[in-house]
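K.L.:
Got chain A sorted already, so can you dock chains B, C and D onto it with the hints?
Number of protein chains: 4
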Amino acid sequence: MCGSEEPSRVKLIGQMETPGLSTTRIAAFSDSVFAFAATLLVLNIKVPEVLPTQLTTELPRQVFQLWPQLLSYIMSFVIVGIYWVAHHVMFHHIKRSDRLMLWLNITFLMCIAFIPFPTALISRYGAVQTAVVVYAGTLAITGVLLELLWWYATRGHYLVERELPDRVIRLGSVKTIIAPCAYVLSIAISFFNPKFSIIFFVLVPAFYILPSRLDRHLLGTDGK
Amino acid sequence: MCGSEEPSRVKLIGQMETPGLSTTRIAAFSDSVFAFAATLLVLNIKVPEVLPTQLTTELPRQVFQLWPQLLSYIMSFVIVGIYWVAHHVMFHHIKRSDRLMLWLNITFLMCIAFIPFPTALISRYGAVQTAVVVYAGTLAITGVLLELLWWYATRGHYLVERELPDRVIRLGSVKTIIAPCAYVLSIAISFFNPKFSIIFFVLVPAFYILPSRLDRHLLGTDGK
Amino acid sequence: MCGSEEPSRVKLIGQMETPGLSTTRIAAFSDSVFAFAATLLVLNIKVPEVLPTQLTTELPRQVFQLWPQLLSYIMSFVIVGIYWVAHHVMFHHIKRSDRLMLWLNITFLMCIAFIPFPTALISRYGAVQTAVVVYAGTLAITGVLLELLWWYATRGHYLVERELPDRVIRLGSVKTIIAPCAYVLSIAISFFNPKFSIIFFVLVPAFYILPSRLDRHLLGTDGK
Amino acid sequence: MCGSEEPSRVKLIGQMETPGLSTTRIAAFSDSVFAFAATLLVLNIKVPEVLPTQLTTELPRQVFQLWPQLLSYIMSFVIVGIYWVAHHVMFHHIKRSDRLMLWLNITFLMCIAFIPFPTALISRYGAVQTAVVVYAGTLAITGVLLELLWWYATRGHYLVERELPDRVIRLGSVKTIIAPCAYVLSIAISFFNPKFSIIFFVLVPAFYILPSRLDRHLLGTDGK
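Residue numbers (this note's numbering), protein chains in the order written: chain A, 1 to 224; chain B, 1001 to 1224; chain C, 2001 to 2224; chain D, 3001 to 3224.
Excised from the complex, chain A in its bound form:
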């Protein structure tokens, strides 16, 4: 927090249009939005109403039937987690900010903070096409905005450190764009069978959580 601010402040003088908005501050504000959006997801899981006379038979059954809510809670929490990780890795390299980058970031956060709604929709209606399309659409737009943010910050090393290797920039781009592509594909699939789209939703996070050959390949640590 301290060491990393020193050098950036020097460079800021020339480039930053909005003084005072150090990338440290932007990252801290973004963290709060990520944390709240993730925690708000739990409000989708409502306590079932059961008559006092049916508690022993009906309550377990109704609680068990909350599994779609639980699944969508886990799914969305993990997705917010993935975006948080990606955002942090990017802001580890981004050292300067300007007005456009700032607003790309705020728009990206607007999508993150919106996630509780499509999550509620899909947990209420499940594999219905409308719900699937809204869910996948939100996540696709979120991913595209993150890709734009990274593209804008790295082209010509505009807002990142000069020494950042090109393969790290490329790895960030490729890994970030895969999610929106997958979500657009899942929208296409939903026209045939929305249930297959949901299988997609579960597979996309796995790609990001597991260490992948792609990482090693693009980072050039492949054959070593």
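Hint data in this document are derived by calculation from the structure and do not stem from the laboratory.
List of simulated lysine-lysine pairs, DSS-like, C-alpha gap at most 30 Å: (1) Lys2195/C <-> Lys3046/D; (2) Lys2046/C <-> Lys1195/B; (3) Lys2046/C <-> Lys1046/B; (4) Lys1195/B <-> Lys1175/B; (5) Lys2175/C <-> Lys2195/C; (6) Lys3046/D <-> Lys46/A; (7) Lys2195/C <-> Lys2046/C; (8) Lys3195/D <-> Lys46/A; (9) Lys3046/D <-> Lys3195/D; (10) Lys1046/B <-> Lys195/A; (11) Lys1046/B <-> Lys46/A; (12) Lys3046/D <-> Lys2046/C; (13) Lys3046/D <-> Lys1046/B; (14) Lys46/A <-> Lys2046/C.
Computed Cβ-Cβ distance ranges for the label pairs, DEER-style: (15) Leu1055/B <-> Lys3046/D: 24 to 32 Å; (16) Pro165/A <-> Arg3167/D: 38 to 46 Å; (17) Arg61/A <-> Phe1192/B: 54 to 62 Å; (18) Pro1068/B <-> Phe191/A: 24 to 32 Å; (19) Ile2177/C <-> Ile3074/D: 21 to 29 Å; (20) Ala2127/C <-> Ile3074/D: 22 to 30 Å; (21) Leu203/A <-> Lys2046/C: 37 to 45 Å; (22) Leu2070/C <-> Cys3181/D: 44 to 52 Å; (23) Thr3057/D <-> Val2184/C: 20 to 28 Å; (24) Thr2057/C <-> Arg61/A: 45 to 53 Å.
Ideal Cβ positions, reconstructed from N, Cα and C, are used throughout, including at glycine.
P.N.:
Coordinates of chains B, C and D only, in the frame set by chain A:
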């Protein structure tokens, strides 16, 4: 965070009435309120209730009809974002605090945290005059409080660094006061046609997000 | 944040039972709870439901009738603000922590996070004795816990800096205990007339926000 | 925050798969989730609806009958507090992160953010077996994940400082595993009498809050 605290602490001894409330802390607390108020906005968008037999026909229609909720979500999120940016730029320059400044800030945050209510009102009733007036009124008061905060902190360079150029102070004042003026104007317009007021609500953010000739003029980077 | 941690870490080795819980971290966690509790208050203000045919006549009337909700929102937001200021001033001086202090603080935060409930109660039922007693009772307990925290931390300069003047310790004690006393008094008053209690609720914050002769007297900056 | 980052950054180069995710950042994000989950608990306590004519007789009775909600609020708040303390003590020692540790932590936070649901369930249905099992089950899984996190970080001093004494590692392990064991036991007990399980829920926190002989024994400060 570190470098900037060192010099301020020295000056604080003489002026700050409430020791322990460094401007860093005040900014961090404010950030949380901004982030939380923005994230709470999503709770206004309710999942529509549709009968199981009408899912394919009725659900898309009802989800589509949520567009006023979505529009007001985006509008308010962007406005919170604008105030966050303005607040941060100000607290980049504000180096000391006293009791009155502290309470001007808490009152300003009280307005920010209130924004979810007028947002819910306008997303429920749209271009009805009452909703428009409450929405514009809240944002006008919020802006006036920020203007007051800046005016109090900068008069005679009371709480800001001595070297802060006057044109930066003036830029802050002028840019901040434009929003409340626009909102008061939109209240006046609502007596003729509340729909025009909503067009205003969409235009005001654009003024803040786009880089303007005003910035260059007041910052004296005009002809260079 | 940096400069203040250096000296405290040295002293910590001997005294802190729970390593890793620097007072900086405790204060940051507390800040989040304060900010969330304050922002959650807005959820008490519900959008009124009005028939489409009655929008122009009924909606302004119903929105206007939300004034008790608005008043209790402001009242509770300001009270959370006061406790936040008091907590920060204390943690400016508290340099070490131990297990008991940690749990006094968590219990205090439990009361802060509870405030949205009595606020909802009083904004729903107004000057009904039950609501007044629950509201005043919560705030009295909150204040007593803060007083306990300060008493525990300062007796024999146990957890505060050795150089902290006794008059600062006394000022903290006296100012903190006044609120619970006032709230207990307002409970007593509610047996005669709950409306007078609410006047009390509005006056207590004023005492904390305005600079007082008490400050100058106890801080010894009276005649100088 | 500053001093502790310097040495860790050097070691990070070799080990951390996800650059930019310093343990400081992870801890800060976790803090927000803890604070928010704890503050959301208050939403379970609903204001009772009473007819205006029955205010003096019915309102006190109905508010008093909220005691199960209040009890579960306190219980869950204290449990979140305990996990926060444990998490902080662990991250005081954890100096590096890798992808698996990151996701163990996110999964752990997913359980913390889930706590408002079982709390709502148990405050609504009390000592009904389903509610008890869901509550104890959530807390057991949360505890197991924290144990896993600690085990993964400390085996062979993988992610912690090399000088960390083995007895501190063991103390962390033993203390963390006791909670899930107790909760599994309380699930077993619920088959006989769910009320006894709730007594368990109240006793477990006491074990963590009170300083114990176990601490002194495992820390080797026993006979000294």
